[in-house]
Structures are given as structure tokens and as C-alpha cells.
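S.K.: As they're listed, the protein sequences go chains A and B.
Count the first sequence with this note's numbering and you get residues 10 to 186, in order.
Count the second sequence with this note's numbering and you get residues 545 to 721, in order.
FYI, nobody ran anything at the bench for these hints, they're computed from the structure.
Treat the hints with caution; some may be incorrect.
[Claimed, not checked] Which stretches of chain B does chain A cover? Using the computed rule of at least three CB atoms under 8 Å from a CB of chain A, they are:
hint, stretch
1, 673-685
2, 690-696
[Said to hold, decoys possible] With a Cα cut of at most 30 Å, we get these calculated BS3-like pairs of lysine-lysine:
hint, chain 1, residue 1, chain 2, residue 2
3, B, Lys705, A, Lys129
4, A, Lys51, A, Lys152
5, A, Lys129, A, Lys51
6, B, Lys582, A, Lys173
7, A, Lys117, A, Lys60
8, A, Lys117, A, Lys152
9, B, Lys607, A, Lys129
10, A, Lys165, A, Lys87
11, A, Lys117, B, Lys701
12, B, Lys701, A, Lys121
13, A, Lys152, A, Lys173
14, A, Lys60, A, Lys87
15, B, Lys701, A, Lys60
16, A, Lys117, A, Lys173
17, A, Lys168, A, Lys60
18, B, Lys582, A, Lys117
19, A, Lys121, A, Lys60
20, B, Lys607, A, Lys165
21, B, Lys705, A, Lys121
22, B, Lys582, A, Lys60
23, B, Lys582, A, Lys165
24, B, Lys705, B, Lys607
25, A, Lys129, A, Lys87
Backbone N, C-alpha and C define an ideal beta-carbon position, used for all residues, glycine too.
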Amino acid sequence: MHSFSYRANAVVTFAVTILAVMCGMASLSDNFNSPSPTADVKVLNINWFQKQPNGNDEVSLTLNISADLSSLFTWNTKQVFVFVAAEYGTPQNALNQVSLWDGIIQSKEHAKFWIHTTNKYRFTDQARCSMPLFASGNNLRGKDFNLTLHWHIMPKTGKMFADKIVMTGYSLPEEYR
Amino acid sequence: MGWLADSLDSIRTLQIRHVLTQVVSLGMIVTSALIIWKGLMCVTGSESPVVVVLSGSMEPGFKRGDILFLHMSTDPIRAGEIVVFNVDGREIPIVHRVHERQDTGEVDILTKGDNNFGDDRLLYAHGQLWLQRHHIMGRAVGFLPYVGWVTIIMTEKPIIKYLLIGALGLLVITSKE
């Protein structure tokens, strides 16, 4: 009854249970945080805008991204992944999302930032390869699009959270340049 | 022959009921584990509700040995979500973030690891440009650090797995309570 293995088993079971409960409580405590992040993205310049040899439109932008995401951080936050996506609809596609810039914020001190950058990833409207003749990706001329700042909170343990701020009212020129 | 009779006698002296109880309790442990796994599959809608991160391509968010809880709902997949997908011709599922998405009736997505420089087209099957829904095993909703090391160690050093199973089996058979 009071053998070594019996006691070891009891201690390990108890320790694992307590650890699991603490992880659960840490994750639940994230729900008490009601963040109030702010963000603003400006398109400063359209550097160039052209049709690629394969027929897809590609555009290069200069962006000014400023955001204050420090209210997202709690004691259970390991990092916040933040990215800016261009979102638009085309006749073929209801919603396209193209990531233009992303970053990883690892501490609350770095969560209030301001960055002046060109798009880190290519902003192209890509045709579906299955029917390239019908759906060529030349959809970007004169296209209205939204810039959306998304964030994805990766916790030390438990549930992950994600949300976004949508900024509307951007449009691309009618002509290539 | 005397030796054989002796050992048969000693087996008979072990109470048959005791042995049966041990067998039944062992069976209960195995079946309840199976019930929990299959139950999770039903609740989450994912063929593999828990996965272990095997590579460093999502660092510093997810490290090797962390585990992720997956959920698969009918909601369309959006950019920024972390999905686990299977590429045709590859055995091991990959955990990466949705980098771009298109909505062509069916959702097409392109993924990228947070720690990788480029997107995942090079990882996909030859000529494949997008992932479709049937490639996706689920989206990550929860996170628990380190726990997956147990499975990593056991798959990489099978000898430890057999030692552990042997020791546990011996413990169950020889335990007196």
C-alpha cells in the first residue's frame, strides 16, 4: 500500500494535475484582457505597376505602418504576429488576401511601432493555373482595395487569439507605370 | 518434464482471478485512450486533433516539441490562420501560416512559415501552386509547450518506447493492489 511506486505515482499524478490546472487558468485569464489596439497604414507611393510576362499584374507600394498593439500583451503572451494584407474582390474571386508585410513582436516594449517600408512580399494578382486563358490575373487596374492589419496572439500556453483592423479606401491607378 | 510441471504449477498458484483483473484493467486503459482520441476527432472535426511540431519553421512562436490542438470547421480559411496540411507525396504534415488566399468558389491558399524567407511553393508537389481544402487537416486553436517531446523521443529512439512499454506492462502484471 505504501510502496515506493505507489507514492511516486501519487506525487507525479498530483504534479501533472496541478500543472494542467495552472495552464488552463493562465489561458482563461487572457479572456479578462480587453485590448484597445490602434493602427494606421498609409500608402505613400506606388513605385511601379506593371504586367508581368505571364500576364499577372504586379504592383510595388511604399507603406507607412504605425500601430500600438501594447494592450494585446498579457502575462501569458509569448509573441504577437502582425501582418498587413491587401484585400480585394475580383469578378472570379469573392475575396483575395495578399500579405504585404509582416513582423513578430516579442515584447510589450516593441508593440508600439512605426515603420516606413516597401511591400516585403510581392503584391500580384495571380491567375489560377487550371484555366490560365480565362482567368488571367490582370485585375488590378483601377482596383479598390482594403489594407487590413491582422494580429495573431501566440500564448505561452493555451488558446490563441486573432483579430484585425480594416482600413478602407485605397485604390490602384488605371494605367500601368 | 519436471521443470515444466513445476512452472505450470507456479502459474496455477497465481490466482486466476487476479490475472484476469489485471488483463481487464489493462484493456480498460487502452480502450479509454482510444475512446478519448476518437471522441476528440468527432468534436474537433479534424482527422488528427493533436499534432506535434517537428520543425523550427514557425519559430519563435512554435518550437520543435510543442503541441497544437486543431479544429476543423466549415468556416472559410482566412489569411493569418495557422493551418496543418498534407502535401501529396509527403508523409509528414506541415504546420504553417496562411500567407495568401483566393476565393474561387473553392478557397485556394498559399502558406509560409514565420521563420522562412519565402512562401511554401517549393514544398508543395511539383507544379502545385495552391493548397485546397482537402489538403488541410485543421487550423491550430490551442498551444501547449514541450509536451510533444515525449513522442519525438519515442519515435526517434524506439528502444526507449519498448523499454517503457515493457516496464509499464511488468508493473501492471506484478502490482498487488
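S.K.: When the hints from earlier in the document are held up against this structure, which numbers fail?
M.R.: 2, 3, 6, 7, 8, 11, 12, 14, 15, 17, 18, 19, 21 and 22
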